[in-house]
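Q: These are the residues of each chain, in order.
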Amino acid sequence: NAGVTQTPKFRVLKTGQSMTLLCAQDMNHEYMYWYRQDPGMGLRLIHYSVGEGTTAKGEVPDGYNVSRLKKQNFLLGLESAAPSQTSVYFCASSGTSGRTQYFGPGTRLTVL
Amino acid sequence: SQQGEEDPQALSIQEGENATMNCSYKTSINNLQWYRQNSGRGLVHLILIRSNEREKHSGRLRVTLDTSKKSSSLLITASRAADTASYFCATDFNNAGNMLTFGGGTRLMVKP
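Sequences listed follow chains A and B, in order. In terms of this note's numbering, the first sequence opens at residue 1 and continues consecutively. In terms of this note's numbering, the second sequence opens at residue 1001 and continues consecutively.
If we strip away everything but chain A, and leave its shape as in the complex, we get:
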């Protein structure tokens, strides 16, 4: 089992460019989450999904969109990147709400 994987691991964008981060899990989990982590801080929830075809906003959703077309994949999109979106992005999944979350290794994004 690979657990939770994220693609890419690193990315540098220019302001205004777009990109999509891919998260994949092979644990058949219903719940998936996207967080961002800024230096010296904890995680803040961007969007989450409680099942295939569903998405919901988290604490800091502005500037991001998500899609969950397949149960095992959760995509995070930035339509027009801004320097304030420079961060490390983590995807996580869980079998049930509020229970143990399994994290991917992260994507380090820099927006110039």
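Among these hints, one or two may not hold up.
[As the list claims (entries may be wrong)] Computed beta-carbon distance windows for the label pairs:
no., chain 1, residue 1, chain 2, residue 2, range
1, B, Lys1056, A, Ser84, 37 to 43 angstroms
2, B, Ala1082, A, Glu59, 28 to 34 angstroms
3, A, Lys71, B, Arg1080, 36 to 42 angstroms
4, A, Thr54, B, Asp1066, 31 to 37 angstroms
[Said to hold, decoys possible] To give a feel for the contact side, a few chain B residues facing chain A, derived at Cβ under 10 angstroms:
no., residue
5, Gly1040
6, Asp1092
7, Met1099
8, Leu1100
9, Gly1103
10, Gly1105
[What the hints assert, rightly or not] Computed, partial: chain B to chain A, Cβ under 10 angstroms:
no., residue
11, Tyr1035
12, Ala1090
13, Thr1101
14, Phe1102
These are calculated hints, taken from the structure and not from any lab test. None of the values given here were measured: they were computed from a predicted structure. We treat Cβ as the ideally placed atom computed from N, Cα and C, and that holds for glycine.
Since the structure of chain A is provided, determine the placement of chain B on it from the hints.
A: Okay, now just chain B, sitting in the frame of chain A:
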């Protein structure tokens, strides 16, 4: 705002000593979890304690929960250099739906 707040923000100890980290939260919870994050990596789940539990052990880890004080502590006994990491508490609070809320973390350094 973050539901859980860890204290201290940073802790430096010698190998073999015990490390204690505290987490305070604001509203009623279903459970509280502790996660570890090694530098540049994703979070790894350590332990979950339910709101009706007062203490839980896992190897060298001991977690306590005081719901009357809305606080939890994580004790790592006989620390090792490999315990050097950031530790986060995460709360599953009653009106959060499907979300965990993470604190800002305690950065632990264990000196050999």
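Q: Is the shortest C-beta separation between B:Thr1101 and chain A less than 10 angstroms?
A: OK, holds: B:Thr1101 within 10 angstroms of chain A, min 8 angstroms.
Q: Honestly, do A:Thr54 and B:Asp1066 meet the 31 to 37 angstroms range at C-beta?
A: Cβ of A:Thr54 to Cβ of B:Asp1066: about 36 angstroms, so the range 31 to 37 angstroms holds.
Q: Does B:Gly1105 pass the interface hint, meaning its C-beta sits closer than 10 angstroms to a C-beta of chain A?
A: Interface hint status for B:Gly1105: holds (5 angstroms vs cutoff 10 angstroms).
Q: Under the criterion of a CB-CB separation shorter than 10 angstroms, is B:Tyr1035 in contact with chain A as hinted?
A: Status holds, d = 8 angstroms.
Q: Just tell me: holds or violated, for the beta carbon distance of B:Lys1056 and A:Ser84 against 37 to 43 angstroms?
A: Distance hint for B:Lys1056, A:Ser84 holds at roughly 39 angstroms.
Q: Double-check B:Leu1100 for me: the hint is only fine if its C-beta lies closer than 10 angstroms to a C-beta in chain A.
A: Result: holds, 6 angstroms to nearest chain A Cβ.
Q: Against chain A, run the beta carbon of B:Gly1103 and see if the smallest gap drops under 10 angstroms.
A: Holds, about 5 angstroms.
Q: Verify the interface restraint on B:Ala1090: the C-beta must sit less than 10 angstroms from at least one C-beta of chain A.
A: Holds: closest Cβ of chain A sits about 8 angstroms from B:Ala1090, inside 10 angstroms.
Q: Does the nearest C-beta of chain A fall within a distance shorter than 10 angstroms of the C-beta of B:Asp1092?
A: holds, 3 angstroms
Q: Just to be sure I understand the hint, the distance between the Cβ atoms of A:Lys71 and B:Arg1080 should be within 36 to 42 angstroms; is that true here?
A: Given about 39 angstroms between the Cβ atoms, the range holds.
Q: Does B:Phe1102 hold up as a contact with chain A if the rule is Cβ-Cβ below 10 angstroms?
A: With a closest approach of 4 angstroms, the B:Phe1102 hint holds.
Q: Hint check: is the beta carbon of B:Gly1040 less than 10 angstroms from a beta carbon of chain A?
A: holds, 8 angstroms
Checked against the numbered hints listed earlier, the structure breaks none of them; every hint is satisfied.
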